[in-house]
Every structure is written in structure tokens, then in C-alpha cells.
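Novice: Each chain is listed here by its residues.
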Amino acid sequence: QKEVEQDPGPLSVPEGAIVSLNCTYSNSAFQYFMWYRQYSRKGPELLMYTYSSGNKEDGRFTAQVDKSSKYISLFIRDSQPSDSATYLCAMSEKGAQKLVFGQGTRLTINP
Amino acid sequence: DGGITQSPKYLFRKEGQNVTLSCEQNLNHDAMYWYRQDPGQGLRLIYYSQIVNDFQKGDIAEGYSVSREKKESFPLTVTSAQKNPTAFYLCASSTRGLFTGELFFGEGSRLTVL
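For the record, the sequence lines run as chains A and B. Just so you know, the numbering used here puts 105 at position 105 of the first sequence, and the rest follows in order with no gaps. Just so you know, the numbering used here puts 38 at position 38 of the second sequence, and the rest follows in order with no gaps.
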């Protein structure tokens, strides 16, 4: 079993829809949770970062962490074609110097 | 502009040949990383270095080698011992110390073995 599980998709939704992306994990020591966005043929870039449990909002994006269920989510409101990308969840333990990534979900927003 | 530069962007190699991928950063970051990305498998850590002249194996180090002689540079050699080297390789860097999870990535190098 992988330490971090993420449905690779692909996921295709119409423009304006609310998108929900999720990851589950097995390591209860994870404390830092991130979402990276990767456009085709590019390197990933950090989109959202959360420490421990709770919600964090940034514009149209909301990240949620539920440590009791070992489950994290990224919500995208009013999705745009420019949101079409692969979204990777990533996690690390406190004091660790490396991240563990999920498989990435490929998302397409159709105009 | 500060960032990470990877070269070459595309590389073709014959079986049995070693190849070296370049990674240079001007962000003054102490830590640097090499990841491999395959379809449906996310990013897997090959090697990382937290300081000059020191590096550690990641989860899939077999068939790869690295060096860290300068803070700015962290080249990766894909050796002939790597059984399935065709992949997208990503270099990243971060600040050392309290690690908050922000990695800065280069644009990647796509290696194809013929």
C-alpha cells in the first residue's frame, strides 16, 4: 500500500463547476500538507499549504485537512479552463526534509 | 530572475550509455532534490542533498548517482545500471531548516532510451 493515495483520474468537468480533489494517507506523523499544480511539460508549483488540521482558503481554492480520517481535499470554485492541469498532493512529517507525493490527478475544465 | 534551470530539456540515449542531467539554482537554497515522474506514479525521490558535499539516497536511488560540489549545482547521472530510465526528471530546491514543504521545481528533463 502506498503511503499517499490519489486517484489519477482523468477528471473532466464543465467550466464553472466546483471541483473536488482528494488524497488519503496512512502515516499519522504527517503534519504538513500541500497541493501542487503542474501544467503539461512543466515542473510543479506550490498552490496551497496547510499545517495540521483545518481549512485554508485562497481565492477560488480551498484546502481541507482531516487528520482523524487521514484525508485531505482541494476544492476549486468557479473552475476555469486555465485550471486544467495535474494536481499533486504532498505531505511531510515535522522535521523531515522531504515530501511524499500522491500520484497526481489530471484535471480538464471544458469551456 | 531567481529560479532553477534544468538542461537538456529533451535527451535521447542508447541503451548502455550513461547520461548526466544538469540542475542549477540561483535561489541561494541549501537543499536540492531529484525526482522522477512516470505516468500514474506521481513524483518519486531519487536523491537529495541538504548541504554541499553531502547527499542521501531517496526511495529509488539504484542506477543513479549525484554530486554536490557547489551550492548552486546538483547534477544527476543516469547510469547504464538503471533498468528503466525513460522518464521525466525534475530537480527542485528548498531552504534548509524548518521545512515548510515549499519546493521550487525546474521545468524538467525528459529522457528517452532508444
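Incorrect hints may have been included.
The calculated label-pair distances, taken between Cβ atoms and stated as ranges, are [stated by the list, open to error]:
#  : chain 1 : residue 1 : chain 2 : residue 2 : range
1  : A       : Ala96     : B       : Pro8      : 40 to 50 Å
2  : B       : Ser80     : A       : Ile18     : 45 to 55 Å
3  : A       : Pro111    : B       : Asn28     : 18 to 28 Å
4  : B       : Arg13     : A       : Lys56     : 18 to 28 Å
5  : A       : Asp66     : B       : Phe12     : 21 to 31 Å
6  : A       : Thr24     : B       : Lys70     : 32 to 42 Å
7  : A       : Asn22     : B       : Ser80     : 37 to 47 Å
8  : B       : Glu102    : A       : Thr24     : 15 to 25 Å
9  : B       : Arg13     : A       : Ser82     : 27 to 37 Å
10 : A       : Ser82     : B       : Gly3      : 18 to 28 Å
11 : A       : Asn55     : B       : Glu107    : 41 to 51 Å
12 : A       : Asn55     : B       : Thr77     : 35 to 45 Å
13 : A       : Lys94     : B       : Gly2      : 24 to 34 Å
14 : B       : Glu15     : A       : Ile18     : 42 to 52 Å
Note that these hints are calculated values from the structure, not bench results. It should be emphasised that the depicted structure is a prediction, and the values quoted were computed from it without experimental measurement. Don't be surprised by glycine CBs; every beta carbon is placed ideally from N, CA and C.
Novice: Are the hints correct? Go through all of them and say.
Specialist: Hint check:
1. A/Ala96 <-> B/Pro8: 40 to 50 Å: Since the Cβ atoms of A/Ala96 and B/Pro8 sit about 31 Å apart, the hinted range of 40 to 50 Å is violated.
2. B/Ser80 <-> A/Ile18: 45 to 55 Å: Distance hint for B/Ser80, A/Ile18 holds at roughly 49 Å.
3. A/Pro111 <-> B/Asn28: 18 to 28 Å: The hint (18 to 28 Å, Cβ to Cβ) is violated, given that A/Pro111 and B/Asn28 are roughly 41 Å apart.
4. B/Arg13 <-> A/Lys56: 18 to 28 Å: Violated, since B/Arg13 and A/Lys56 (Cβ atoms, about 43 Å apart) do not stay within the stated range.
5. A/Asp66 <-> B/Phe12: 21 to 31 Å: violated, 45 Å
6. A/Thr24 <-> B/Lys70: 32 to 42 Å: holds, 40 Å
7. A/Asn22 <-> B/Ser80: 37 to 47 Å: Holds: the Cβ-Cβ distance is about 40 Å, inside 37 to 47 Å.
8. B/Glu102 <-> A/Thr24: 15 to 25 Å: holds, 23 Å
9. B/Arg13 <-> A/Ser82: 27 to 37 Å: holds, 35 Å
10. A/Ser82 <-> B/Gly3: 18 to 28 Å: holds, 21 Å
11. A/Asn55 <-> B/Glu107: 41 to 51 Å: This hint is violated: roughly 32 Å between Cβ atoms.
12. A/Asn55 <-> B/Thr77: 35 to 45 Å: holds, 44 Å
13. A/Lys94 <-> B/Gly2: 24 to 34 Å: holds, 27 Å
14. B/Glu15 <-> A/Ile18: 42 to 52 Å: holds, 48 Å
In summary, the numbered hints that this structure violates are 1, 3, 4, 5 and 11.
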